[in-house]
Amino acid sequence: MRIVSKQSASPETPTARSRRVVVAEDETLIRLDIVETLTEAGYEVVAEAADGEEAVRLVEEHEPDLCVMDIKMPVMDGITAAEKILDKHSVAVVMLTAFSQTELVERAGAAGAMAYVVKPFTPAELIPALEIALSRHEEIRSLEGEIADLQERFETRKRVDRAKGLLMEKMGQSEPEAFRWLQKTSMNRRLTMREVADAVIEQVGSSKSSKSS
485 MRIVSKQSAS PETPTARSRR VVVAEDETLI RLDIVETLTE AGYEVVAEAA DGEEAVRLVE
545 EHEPDLCVMD IKMPVMDGIT AAEKILDKHS VAVVMLTAFS QTELVERAGA AGAMAYVVKP
605 FTPAELIPAL EIALSRHEEI RSLEGEIADL QERFETRKRV DRAKGLLMEK MGQSEPEAFR
665 WLQKTSMNRR LTMREVADAV IEQVGSSKSS KSS
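Residues in the sequence shown are numbered consecutively from 485, following this note's numbering.
What the hints contain is simulated information worked out from the structure, not anything from laboratory work. Backbone N, C-alpha and C define an ideal beta-carbon position, used for all residues, glycine too. Among these hints, one or two may not hold up.
[What the hints assert, rightly or not] In silico PhoX-like pairs for lysine-lysine, Cα to Cα no more than 20 Å straight-line: (1) 568 to 556; (2) 603 to 556; (3) 642 to 668; (4) 642 to 654; (5) 654 to 668.
[As the list claims (entries may be wrong)] The calculated label-pair distances, taken between Cβ atoms and stated as ranges, are: (6) 659 to 608: 16 to 22 Å; (7) 558 to 604: 16 to 22 Å; (8) 516 to 649: 37 to 43 Å; (9) 513 to 668: 16 to 22 Å; (10) 513 to 608: 15 to 21 Å; (11) 604 to 658: 22 to 28 Å; (12) 676 to 523: 36 to 42 Å; (13) 594 to 687: 35 to 41 Å; (14) 590 to 674: 39 to 45 Å; (15) 526 to 657: 23 to 29 Å; (16) 526 to 649: 29 to 35 Å; (17) 672 to 652: 17 to 23 Å.
Let's have the full structure, built from the sequences with the hints guiding it.
Here it is in structure tokens:
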């Protein structure tokens, strides 16, 4: 696939994600287990909360990259806490729940949660959910940092999603791999994410159409 470069200043070198986490869970044993699991997986747990109100305060204080939070907590439930947190902070939120009702999942998504995990869960279930949340959050931040206009931002996200789908289908990539390819090409070629996505859609999409016709 040939994508033409633009001449511009060299892009900044991307820094490694620090993966600092606030854990909010009112059941002490479960919270300790989560903290141990995250620490062993290489995350830095910077604070622990036993209720939603404390979680909001600790995120304000520590400004983590990720917040792992139970939905059902005293004082303030996790969904309300997530709404308050995401209203002011750019952080990936993963919700924990012992209840798999569609309504709670929809409420968590509407609040801005990037992923959810149903209890009881294993490290093999929790860690991938965190990575997905961080990946989605990074993707959104990349697009929002590039585009100020809301309508333009929405259109770019649609085009990037379409380009990812084509790369996944044509090149056998996973969703995170497809996004990283788009992001890397954008940086290397001095192009915006939308320009790269448009090139993929034009080249891969047209190739797919011509084969089917």
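Right, here's what the structure says about each hint:
1. 568 to 556: 16 Å, holds
2. 603 to 556: 12 Å, holds
3. 642 to 668: Answer holds: residue 642 to residue 668 is near 19 Å, not above 20 Å.
4. 642 to 654: Measuring from Cα to Cα gives roughly 18 Å; hence the hint holds.
5. 654 to 668: With a Cα-Cα distance of about 18 Å, the restraint between residue 654 and residue 668 holds, given a limit of 20 Å.
6. 659 to 608: 16 to 22 Å: Roughly 19 Å apart at Cβ, these two residues keep to the hinted range, so it holds.
7. 558 to 604: 16 to 22 Å: Given range 16 to 22 Å: holds, Cβ gap about 20 Å.
8. 516 to 649: 37 to 43 Å: 41 Å Cβ-Cβ, so the 37 to 43 Å window holds.
9. 513 to 668: 16 to 22 Å: Distance hint for residue 513, residue 668 is violated at roughly 42 Å.
10. 513 to 608: 15 to 21 Å: 20 Å, holds
11. 604 to 658: 22 to 28 Å: Hint holds: Cβ distance 27 Å, inside 22 to 28 Å.
12. 676 to 523: 36 to 42 Å: 38 Å, holds
13. 594 to 687: 35 to 41 Å: Since the Cβ atoms of residue 594 and residue 687 sit about 36 Å apart, the hinted range of 35 to 41 Å holds.
14. 590 to 674: 39 to 45 Å: Since the Cβ atoms of residue 590 and residue 674 sit about 40 Å apart, the hinted range of 39 to 45 Å holds.
15. 526 to 657: 23 to 29 Å: 24 Å, holds
16. 526 to 649: 29 to 35 Å: Holds: the Cβ-Cβ distance is about 30 Å, inside 29 to 35 Å.
17. 672 to 652: 17 to 23 Å: Hint holds: Cβ distance 20 Å, inside 17 to 23 Å.
The structure fails to meet hint 9 from the earlier list, while all remaining hints are met.
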